Amino acid sequence: MKLRNVLKTRTPKSPVHKSASGPNMPKAKWLSFPYIVWMIGFIIIPLVVIFYYGLTTSDSTFTLNNIALVMDPINLKALKQALELSLVSTVICLLLAYPLAMILNKSKMNSNSFIVMIIILPMWMNFLLRTIAWQNILEKTGIINTILNFFKLPTVNIINTPAAIILGMVYNFLPFMVLPIYNVLIKIDQDVINAARDLGANGMQTFLKIILPLSLPGVISGITMVFVPSLTTFVISTILGGNKIVLIGNVIEQQFRVGNWHAGSGLSLVLMIFILISMAILSKYDKEGSSLW
Amino acid sequence: MTDNKLINLVNITKSYGDNVVLDDLNLYIRENEFVTLLGPSGCGKTTTLRIIGGFETPDKGQVIFEGKDITKVPPNERQVNTVFQKYALFNHMTIAENIAFGLKIKKKSKAYIQDKIKYALKLVNLDGFENRMPDSLSGGQQQRIAIARAIVNEPKVLLLDEPLGALDLKLRQDMQYELIRLKNELGITFVYVTHDQEEALTMSDTIVVMNQGYIQQIGTPEEIYNEPKNAFVADFIGESNILPGIMVEDKLVNIFGVNFVCVDTGFGKNKPVDVVIRPEDIDLVKPEEGIIKGVVTSLIFKGVHYEMEVHACDHDWLVHSTDLFPVGTEVGIWVDPFDIQIMNKPESEDEEAVEVEL
Amino acid sequence: MVKKFFERFYVGLIILFLYAPIIILILLSFNSSKSRAKWGGFTLRWYRELFKNESIMNALYTTLIIAVLSALIATIIGTAAAIAINSMKKTPRTIMIAITNIPMLNADIVTGISLMLLFVALKFTLGFTSVLISHITFNIPYVILSVMPKLKQLNPHTYEAALDLGATPLYAFFKVILPDIFPGVLTGFFLAFTMSLDDFVITHFTKGPQINTLSTKIYTEVRKGIKPEIYALSTLMFVTVLLLLIIINRKNDKNANKNTIISKI
Numbered sequence: 001m002k003l004r005n006v007l008k009t010r011t012p013k014s015p016v017h018k019s020a021s022g023p024n025m026p027k028a029k030w031l032s033f034p035y036i037v038w039m040i041g042f043i044i045i046p047l048v049v050i051f052y053y054g055l056t057t058s059d060s061t062f063t064l065n066n067i068a069l070v071m072d073p074i075n076l077k078a079l080k081q082a083l084e085l086s087l088v089s090t091v092i093c094l095l096l097a098y099p100l101a102m103i104l105n106k107s108k109m110n111s112n113s114f115i116v117m118i119i120i121l122p123m124w125m126n127f128l129l130r131t132i133a134w135q136n137i138l139e140k141t142g143i144i145n146t147i148l149n150f151f152k153l154p155t156v157n158i159i160n161t162p163a164a165i166i167l168g169m170v171y172n173f174l175p176f177m178v179l180p181i182y183n184v185l186i187k188i189d190q191d192v193i194n195a196a197r198d199l200g201a202n203g204m205q206t207f208l209k210i211i212l213p214l215s216l217p218g219v220i221s222g223i224t225m226v227f228v229p230s231l232t233t234f235v236i237s238t239i240l241g242g243n244k245i246v247l248i249g250n251v252i253e254q255q256f257r258v259g260n261w262h263a264g265s266g267l268s269l270v271l272m273i274f275i276l277i278s279m280a281i282l283s284k285y286d287k288e289g290s291s292l293w
Numbered sequence: 001m002t003d004n005k006l007i008n009l010v011n012i013t014k015s016y017g018d019n020v021v022l023d024d025l026n027l028y029i030r031e032n033e034f035v036t037l038l039g040p041s042g043c044g045k046t047t048t049l050r051i052i053g054g055f056e057t058p059d060k061g062q063v064i065f066e067g068k069d070i071t072k073v074p075p076n077e078r079q080v081n082t083v084f085q086k087y088a089l090f091n092h093m094t095i096a097e098n099i100a101f102g103l104k105i106k107k108k109s110k111a112y113i114q115d116k117i118k119y120a121l122k123l124v125n126l127d128g129f130e131n132r133m134p135d136s137l138s139g140g141q142q143q144r145i146a147i148a149r150a151i152v153n154e155p156k157v158l159l160l161d162e163p164l165g166a167l168d169l170k171l172r173q174d175m176q177y178e179l180i181r182l183k184n185e186l187g188i189t190f191v192y193v194t195h196d197q198e199e200a201l202t203m204s205d206t207i208v209v210m211n212q213g214y215i216q217q218i219g220t221p222e223e224i225y226n227e228p229k230n231a232f233v234a235d236f237i238g239e240s241n242i243l244p245g246i247m248v249e250d251k252l253v254n255i256f257g258v259n260f261v262c263v264d265t266g267f268g269k270n271k272p273v274d275v276v277i278r279p280e281d282i283d284l285v286k287p288e289e290g291i292i293k294g295v296v297t298s299l300i301f302k303g304v305h306y307e308m309e310v311h312a313c314d315h316d317w318l319v320h321s322t323d324l325f326p327v328g329t330e331v332g333i334w335v336d337p338f339d340i341q342i343m344n345k346p347e348s349e350d351e352e353a354v355e356v357e358l
Numbered sequence: 001m002v003k004k005f006f007e008r009f010y011v012g013l014i015i016l017f018l019y020a021p022i023i024i025l026i027l028l029s030f031n032s033s034k035s036r037a038k039w040g041g042f043t044l045r046w047y048r049e050l051f052k053n054e055s056i057m058n059a060l061y062t063t064l065i066i067a068v069l070s071a072l073i074a075t076i077i078g079t080a081a082a083i084a085i086n087s088m089k090k091t092p093r094t095i096m097i098a099i100t101n102i103p104m105l106n107a108d109i110v111t112g113i114s115l116m117l118l119f120v121a122l123k124f125t126l127g128f129t130s131v132l133i134s135h136i137t138f139n140i141p142y143v144i145l146s147v148m149p150k151l152k153q154l155n156p157h158t159y160e161a162a163l164d165l166g167a168t169p170l171y172a173f174f175k176v177i178l179p180d181i182f183p184g185v186l187t188g189f190f191l192a193f194t195m196s197l198d199d200f201v202i203t204h205f206t207k208g209p210q211i212n213t214l215s216t217k218i219y220t221e222v223r224k225g226i227k228p229e230i231y232a233l234s235t236l237m238f239v240t241v242l243l244l245l246i247i248i249n250r251k252n253d254k255n256a257n258k259n260t261i262i263s264k265i
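Protein chains in written order, with the UniProt record's numbering: chain A, 1 to 293; chain B, 1 to 358; chain C, 1 to 265.
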């Protein structure tokens, strides 16, 4: 498919009013004043500050050393491992979430909010606690091994391995993959799918040529929403990785804990390069951010 | 037109929950015919079309296509194509890719597909639109693309589900002529669904009037308009005066105590009937020259004609006339015998849904 | 039929995956053994001791206050901003939405660090206020993204109709627009509240040594072992929300039933 066509991809228009700008309220733009002030004060300026710290030494002279820290073998290994684990988690989330979103969409549960509820509800149990609970499931004398023992099967050693961290990432971020995909799928007009069938496409062809391309904005949103937090986490690796696995997030957190702000900021800037790339890709597909929720 | 039955719907029944949408429907469609399924919303016309297209499976009954039972055949294996109500274009593909969709699946050669795209766009008067995206087109243009996308597959039957419903009046009228032209050029069968009686009368070879899951009448536009089989058809197609009457004898009907001469026979003697008189078939004459006398109670200018209500025999008669009679004028009502249409009264609710053989 | 079975089985497995840790935490709240690793029999002791544990109750208090305040302020600022963005022309609108997406898409760790550095640079003491400001910052986008779709569905002419009938813009807003977008506003508030409650990373960097939310308190206990009272508290909170949502859903279902009947007719 030509790139131009991909860029043209939109979720189908809802059959509501065409006017993009809603009610004609000429004075409405003043309502954004508090938000603009807030954004500049607490989103834009903090980013400037982190750039300042990342590019200076403690006596305020310009340096690239903080950024170059990423080439240190230990840090490089942490970055590499974080990239590997977050990529694997993202792929697993996608593979688990897409079929789930398809099934939920097909079930035509007319209460959209019910599905959102089921998926958001776990957040009401603290996320640290939920991750800690995985220790109970995975550890040497944990639930999985107890079950395996009961059936006289060999036990597995998952806790404090990369597998445990991947599991923690998938567990924590799966909802952020399911919701955007589900949200674009429910917007696809059933008659568009019928039209493809009518023109001779079988189930598989309809999926590959129609459903998948139309759901792409949701997939891209989901990938970003899973990849970025996985790449930058330090909590999941702390709880499920013991001290054995160090991710780039752990390195940065540690720099700040020991008061080494310039080094921590420098490494954060490196991390931001990856975040910016994902955000740029996302914004190309989903300009309105409409499929995030 | 041949007498070949291309599609035959046999005893089709379909319900959603308790709601019976189609009740033992029988209908056949001949080759090269323009058939319109006409009725109010909820009458089962769209469901009938979707059953032919393969998007719904009937609870009971069979769909026979060229003598073969295709009731369980999925839509992608049927030799029919559909033009959907809201076009259902693939918004992520160019116009050319939309049109090529069915052909690519059939693995046609590139050259063949290119030729077909050109031909189809020319046919719907949209040459040069190959590389546009669907959402950059107007509603009327999108509709033509939806038609082009369907016909390149050379279906034996084209199903159209209220395809002009979303267009404005002028465009709708233009598209009606376009569709007739297309049908003649392609020489295939069109099955058209609409609730718009004018559309149905303009385009169809055969109209199937439906209500509440039953076929009310099948016939040519002239038959449906001039000889409605029952009060529903008479009321739904055009405007009409539906009056209670008693068939005194052959060719004589009594309405509100006054005898009118008509041309219908075979209803028996002193049998209650419904009488249909089209408003344009009523002639307003001098009071003493009419069959009955009345007074004009309202007058509206409608462009081509005046619409008047005449109070006579304790009933308001709807009259269309190019002559103006001011409100308050005393007039006589005259109806030619052949303009009076006699129908049996329905004996029960179910009777209203008459079984019709074509 | 087989396909349907597999689909249900699959959904069931995912739900089990999402809720298994929650079931474990609820069980742990009734575990008389102090150790997470072994079952010492059923007890309600932790529920009783929970209310006597001052540090946990303090953390709970801080958490709830910050969640309510940040959600409320974010809802007000965010709803106003959404209305403004919706009435903007294409370019400023795209810019606003792009900036709104930053805290949603940026890593928590970067947001947390950048805010902390800002507070430090301004010589602003880290504590309750800095956490509150940070939570408002990451909550506003959730409100905007919940309200925007409702604004798009709004019939633009109802507002004009209100003005035509003599309403002042302010009156028209409260009587015509707000009721229509209110479900979105409510969703936004609810989401913001949840996000604030569940946040750890940003609070971790901006809280300073003086205060603790439940999240940060739990994190300090990860190594030495979680106090069982925390399990009891989380169970209480979870069950409360679950009951609340079931009640709301029941009500909605009744309304939805009415609607489906109408749409069938």
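Any given hint might turn out to be false.
Dumping the calculated EDC-like pairs for lysine to aspartate or glutamate here, alpha-carbon to alpha-carbon at most 16 Å [stated by the list, open to error]: (1) C:K38 with A:D191; (2) A:K106 with C:E160; (3) B:K60 with B:D24; (4) B:K86 with A:E139; (5) A:K27 with C:E7.
From chain B, some residues computed to sit far from chain A (all C-beta separations above 10 Å) [to be verified]: (6) D23; (7) G42; (8) G54; (9) N76; (10) A88; (11) K106; (12) R149; (13) A150; (14) D196; (15) D205; (16) L243; (17) T265.
Non-contacting residues of chain A with respect to chain B, defined by C-beta distances greater than 12 Å in every case (computed) [as the list claims (entries may be wrong)]: (18) T61; (19) I67; (20) A68; (21) P73; (22) L87; (23) F114; (24) I143; (25) F151; (26) N194; (27) L199; (28) A201; (29) L212; (30) N260; (31) A280.
The hints are simulated quantities; they were obtained by calculation from the structure and are not laboratory data.
This structure is a prediction, so every number in the text was calculated from the model and none was measured.
Even for Gly, the Cβ is constructed at its ideal location relative to N, Cα and C.
Here is how each hint holds up against the structure:
A distance of roughly 56 Å separates the Cα atoms of K38 of chain C and D191 of chain A; the hinted pair therefore is violated under the 16 Å criterion. A distance of roughly 39 Å separates the Cα atoms of K106 of chain A and E160 of chain C; the hinted pair therefore is violated under the 16 Å criterion. Taken as a hint, the K60 of chain B and D24 of chain B pair is honoured in the structure, with Cα atoms around 8 Å apart against an allowance of 16 Å. At most 16 Å may separate the alpha-carbon atoms for a hinted pair to count; K86 of chain B and E139 of chain A exceed this at roughly 56 Å.
A distance of roughly 51 Å separates the Cα atoms of K27 of chain A and E7 of chain C; the hinted pair therefore is violated under the 16 Å criterion. The claim that D23 of chain B lies off the interface holds: its Cβ sits roughly 24 Å from the closest Cβ of chain A, which is beyond the 10 Å cut-off. With a least beta-carbon separation of about 19 Å from chain A, G42 of chain B lies farther than 10 Å from that chain, consistent with its non-interface assignment. Against the 10 Å criterion, G54 of chain B falls within the reach of chain A, whose nearest CB is about 8 Å from its own CB.
The claim that N76 of chain B is not at the interface with chain A is violated, since a C-beta of that chain comes within 10 Å of its own (minimum 5 Å). For A88 of chain B, the requirement that its beta carbon stay farther than 10 Å from each beta carbon of chain A is not met, with the minimum near 4 Å. Some Cβ of chain A comes within 10 Å of the Cβ of K106 of chain B; the nearest lies about 6 Å off, and the non-interface call is violated. Chain A draws R149 of chain B into its interface by the beta-carbon criterion, the shortest separation being 7 Å against a cut-off of 10 Å.
For A150 of chain B, the condition that its CB be more than 10 Å from all CB atoms of chain A is violated, with the nearest at approximately 8 Å. The claim that D196 of chain B lies off the interface holds: its Cβ sits roughly 20 Å from the closest Cβ of chain A, which is beyond the 10 Å cut-off. Listed as outside the interface, D205 of chain B is consistent with that label: its C-beta sits roughly 24 Å from the nearest C-beta of chain A, beyond the 10 Å cut-off. The beta carbon of L243 of chain B is kept farther than 10 Å from every beta carbon of chain A, the shortest such distance being approximately 43 Å.
Non-interface status of T265 of chain B relative to chain A is upheld: no Cβ of that chain comes within 10 Å, the nearest being about 49 Å off. No beta-carbon of chain B comes within 12 Å of the beta-carbon of T61 of chain A; the shortest separation is about 52 Å. Its beta-carbon lying about 40 Å from the closest one in chain B, I67 of chain A satisfies the requirement of being farther than 12 Å from that chain. A cut-off of 12 Å between C-beta atoms confirms that A68 of chain A is not in contact with chain B; the least separation is 44 Å.
Listed as a non-interface residue, P73 of chain A keeps its Cβ farther than 12 Å from every Cβ of chain B; the least gap is roughly 46 Å. With a closest Cβ-Cβ approach of about 27 Å to chain B, L87 of chain A is found to remain outside the 12 Å limit, as its non-interface label requires. The Cβ of F114 of chain A sits about 21 Å from the closest Cβ of chain B, beyond the 12 Å cut-off, so the non-interface label holds. For I143 of chain A, the non-interface assignment is confirmed: its Cβ lies about 44 Å from the closest Cβ of chain B, beyond the 12 Å cut-off.
With a closest Cβ-Cβ approach of about 44 Å to chain B, F151 of chain A is found to remain outside the 12 Å limit, as its non-interface label requires. The non-interface label for N194 of chain A is inconsistent with chain B: the shortest C-beta to C-beta separation is roughly 5 Å, within 12 Å. For L199 of chain A, the requirement that its beta carbon stay farther than 12 Å from each beta carbon of chain B is not met, with the minimum near 4 Å. For A201 of chain A, the non-interface assignment is contradicted: its Cβ lies about 5 Å from the closest Cβ of chain B, within the 12 Å cut-off.
Here L212 of chain A does not stay apart from chain B, with its beta-carbon only about 10 Å from theirs, under the 12 Å limit. The Cβ of N260 of chain A sits about 49 Å from the closest Cβ of chain B, beyond the 12 Å cut-off, so the non-interface label holds. Every CB of chain B is more than 12 Å from the CB of A280 of chain A (nearest about 21 Å), matching its label as outside the interface.
Taken one by one, the earlier hints fail for this structure at numbers 1, 2, 4, 5, 8, 9, 10, 11, 12, 13, 26, 27, 28 and 29, listed in ascending order.
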